[in-house]
Amino acid sequence: MKEVKRILTLDHVEYGVLVNALNQMRNGLIRQKRSTDAVDDLLLKTIDAPTEKTGKRKERGHAR
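Quick note on the working numbering: the sequence shown kicks off at 146 and runs consecutively.
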């Protein structure tokens with residue numbers, strides 16, 4: 146079966162909310178003495194996700 150990838154576009158506030166929510170879930174699992182493997186993987190994937198700069202490149206007004 147082909148792996149389906151999903152791409153999320155988040156601003157810095159949404160990114161912070163996502164990381165915080167995953168971390169709180171992880172802490173709850175630790176308190177319950179349950180496995181955190183899946184949340185750990187997702188948290189690391191979120192933190193290590195590449196960023197893409199938005200906006201237009203500055204065009205130079207003169208030719209060389």
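Source of the hints: derived by calculation from the structure; they are not laboratory data.
Misleading hints may appear alongside valid ones.
[Stated by the list, open to error] Below are the DSBU-like pairs computed for lysine-lysine, each with C-alpha atoms no more than 30 Å apart in a straight line:
| no. | residue 1 | residue 2 |
| --- | --- | --- |
| 1 | Lys-147 | Lys-190 |
| 2 | Lys-178 | Lys-147 |
| 3 | Lys-198 | Lys-150 |
| 4 | Lys-190 | Lys-178 |
| 5 | Lys-150 | Lys-190 |
[As the list claims (entries may be wrong)] Label-pair restraints from in silico Cβ distances:
| no. | residue 1 | residue 2 | range |
| --- | --- | --- | --- |
| 6 | Arg-176 | Lys-198 | 34 to 40 Å |
| 7 | Ser-180 | Arg-151 | 19 to 25 Å |
| 8 | Lys-178 | Val-158 | 17 to 23 Å |
| 9 | Gly-173 | Leu-153 | 30 to 36 Å |
| 10 | Lys-178 | Lys-198 | 14 to 20 Å |
| 11 | Asn-172 | Asp-193 | 26 to 32 Å |
| 12 | Lys-147 | Leu-187 | 17 to 23 Å |
| 13 | Gly-173 | Asp-193 | 21 to 27 Å |
| 14 | Lys-178 | Asp-156 | 14 to 20 Å |
If you're wondering where the values come from, they're calculated on a predicted model, not measured in any experiment.
In this text, a Cβ means the ideal position worked out from N, Cα and C, and glycines have one as well.
Indices of hints not satisfied (ascending): 2, 8, 9, 10, 11 and 14
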